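Input sequences plus hints: build the corresponding full structure.
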Amino acid sequence: MPQTMKKPFYFQPPLSILFEIHKLEKILPWEVNIAYLLTMFLEEMEEQGEVDFRASGMALESSSTIYLRKTKLLLKLEEPPPPPKMMPDFIPPPIFLPLRYELSSTTIDNLLNVLDEVLKSESVRPPKLPEPILPTPEIIPPIDMYLLQIEDHMKSLYEQLLQLVGTGELLAFSKLVAGLEKIEAVKTFIILLFLAQRGKIGLWQEEDIEELYITVIGDPVFDGKRTEPI
Amino acid sequence: MTENEQNQSEPQKNEKIAHQLALVEAGLYVAGRPLDLRTIAGVAGSRSKKKVRKLAKTLVENYKNRDTAIEILELEGERFVMQLKADYTGKVRKLATRPLLSAGPLKTLSYIAFRQPILQTQVIDVRGNHSYGHLKQLEDMELISREGVGKKRFIKTTPFFADFFGLSHDLRTMKRQLKTIFKDVEKPKTEETMNPEKAE
Amino acid sequence: MTENEQNQSEPQKNEKIAHQLALVEAGLYVAGRPLDLRTIAGVAGSRSKKKVRKLAKTLVENYKNRDTAIEILELEGERFVMQLKADYTGKVRKLATRPLLSAGPLKTLSYIAFRQPILQTQVIDVRGNHSYGHLKQLEDMELISREGVGKKRFIKTTPFFADFFGLSHDLRTMKRQLKTIFKDVEKPKTEETMNPEKAE
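Residue numbers (my numbering), protein chains in the order written: chain P, 1 to 230; chain L, 1001 to 1200; chain B, 2001 to 2200.
It should be emphasised that the hints constitute simulated quantities derived from the structure, not laboratory data.
Just to be clear, a hint being listed does not mean it is correct.
A short list of chain L residues far from chain B (calculated; beta carbon distances all over 12 Å) [claimed, not checked]:
1) V1060
2) R1066
3) T1089
4) P1117
5) I1124
6) G1128
7) H1130
8) D1140
9) K1156
10) F1160
11) M1174
12) K1179
13) T1180
To spell it out: a stretch of chain P is covered by chain L in this simulated footprint if at least three of its residues, at any positions, have a beta carbon under 8 Å from a beta carbon of chain L; those stretches are [claimed, not checked]:
14) 89 to 96
15) 101 to 115
If you're wondering where the values come from, they're calculated on a predicted model, not measured in any experiment.
Each residue gets a CB set at the ideal place from its N, CA and C atoms; glycine is no exception.
If you want it as structure tokens, here you go:
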């Protein structure tokens, strides 16, 4: 009798995907259309007139496992596979233009006919003449905008320090620059030196320890009274 | 034969023909594009189509016999053109004064020529976004024309394009000619014929 | 003579020379402007100035013997040019229909020629930002050259520019010539001279 027993409908593909739990981890979740499978499952069950709660439970569990995997992949920012590419169209090789000499219709008269008009716009914007012809200019070192905005940077870093530690407390430099790029860390260090010079903070380092410690010692208001270079 | 020509001696006739040949040569040299018999007749100062055809064909032969870098070819529709033989293109391309097209725009052009009339969106699909620039350049050079707007913008090659390549103005014939050209280009995969730019 | 050349048979040598002559002819044809020995040597694939000079002079002679509409001439400074003989220019000039440049770049070129050597910033001031594109095109066509960098970038016309318009290579003389022609052009304000594009 058991040999002649018909396999339940949900063990046939494609519904079997939901009932082979051991294979769930191996399939590509993007290839499974859960809504389609579940609808098919319910319709089939309705048609057969037999409600099997155990099978429904398994289908539900498998579906949620597949959903979970899709969610995990999305959180990993893994893109779903691209849609299948269409067959590329035939692109013929470039046809190179035959080289021919061609006398141009432009004459010196044509060239000078348009000059009058151009000289009119020159009179609207008079040329800055006489411009001496100078030798190739010397190279001017580029001025770092960062240094030009040093006051602003000092202010914002000081405010940041106040938020991190109270007056008198210690803050490790490595903690302050954690996660920053090297160049940003260097810039922060430079600003710390400026702040230290203004007496806003204290910097100290113990022998044999590489860590640099910062203490906020100035008043909490960055009053700007001592903004002149020290 | 006109009365005037009957009265001419043999050397006089020969001299006249040599002069007319030189005029046709001058015309073809200066034009840099295919000229039809009517235009050539105007240059040669002759009204006989038969004579003008003979003059042009003589020039084609003369240039063949000279065996040098320049050729005069007869194209479809009894049109004649002077141009550099393809063998020399790669080596002197860089000397050409006119802004020439690089391989990218030329590929776009050849695709358009092959598929025309074609939707602009299809050209962009196949050739990529950078081909917007190619289309502008090809339009500036009057090699293609665009009609319609937005998603319904159609592109085809211009009569100037057909003339430039010595192709038929009839679209179907042109496409057949192009197929032959592409086959020829694809066969000899030597460095020079495939990459004339590189050969410079 | 290199060892390689010594080993060549007479027919081989002749063939090589014929090929080099064709290459030089190709270069002169395509360039449509005078080429100096260095450029010709580059085209002919030879490093010997003497040989290249001989090749070019042979071509001059060959064209003289052909007695047709096109000539190759030697110009001052060992430069060579292929051109239409003056006798024929008038008769075929009407076949030249394509302007060298469109209106915008032509204006920019005209201004540069008249004010050169001129700062790039001044050209942009007067001609607008779009003229950056013109400068690129004019440079590609070897009509202008740029020197220096940034705000001190100077522009002047090239010897090719002078050759193209039949002007002196000496800047001061050229500017005098331009001023004289400019005055002449300004006087007869007829429809035709003012609107050459229309005349086509």
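Now for the hints, and whether the structure bears them out:
With a least CB separation of 14 Å from chain B, V1060 of chain L remains clear of the 12 Å interface cut-off, as annotated. Listed as outside the interface, R1066 of chain L is inconsistent with that label: its C-beta sits roughly 8 Å from the nearest C-beta of chain B, within the 12 Å cut-off. A beta-carbon of chain B is positioned within 12 Å of the beta-carbon of T1089 of chain L; the least distance is around 8 Å. No Cβ of chain B comes within 12 Å of the Cβ of P1117 of chain L; the nearest lies about 26 Å off, and the non-interface call holds.
Non-interface status of I1124 of chain L relative to chain B is upheld: no Cβ of that chain comes within 12 Å, the nearest being about 23 Å off. Listed as a non-interface residue, G1128 of chain L keeps its Cβ farther than 12 Å from every Cβ of chain B; the least gap is roughly 23 Å. Every beta carbon of chain B lies more than 12 Å from that of H1130 of chain L, the smallest distance being close to 18 Å; the non-interface claim holds. The claim that D1140 of chain L lies off the interface is violated: its Cβ sits roughly 8 Å from the closest Cβ of chain B, which falls inside the 12 Å cut-off.
The non-interface label for K1156 of chain L is consistent with chain B: the shortest C-beta to C-beta separation is roughly 21 Å, beyond 12 Å. Under the 12 Å C-beta cut-off, the non-interface status given to F1160 of chain L relative to chain B is violated; the minimum distance is some 10 Å. For M1174 of chain L, the non-interface assignment is confirmed: its Cβ lies about 22 Å from the closest Cβ of chain B, beyond the 12 Å cut-off. At roughly 28 Å from the closest C-beta of chain B, the C-beta of K1179 of chain L stays outside 12 Å, upholding its exclusion from the interface.
Every C-beta of chain B lies more than 12 Å from that of T1180 of chain L, the closest at about 25 Å, which supports listing it as non-interface. With 8 residues having a beta carbon nearer than 8 Å to a beta carbon of chain L, the stretch 89 to 96 of chain P meets the requirement of three or more and the stated coverage holds. Interface restraint, the stretch 101 to 115 of chain P with chain L: holds (3 residues with C-beta to C-beta distance below 8 Å; minimum three).
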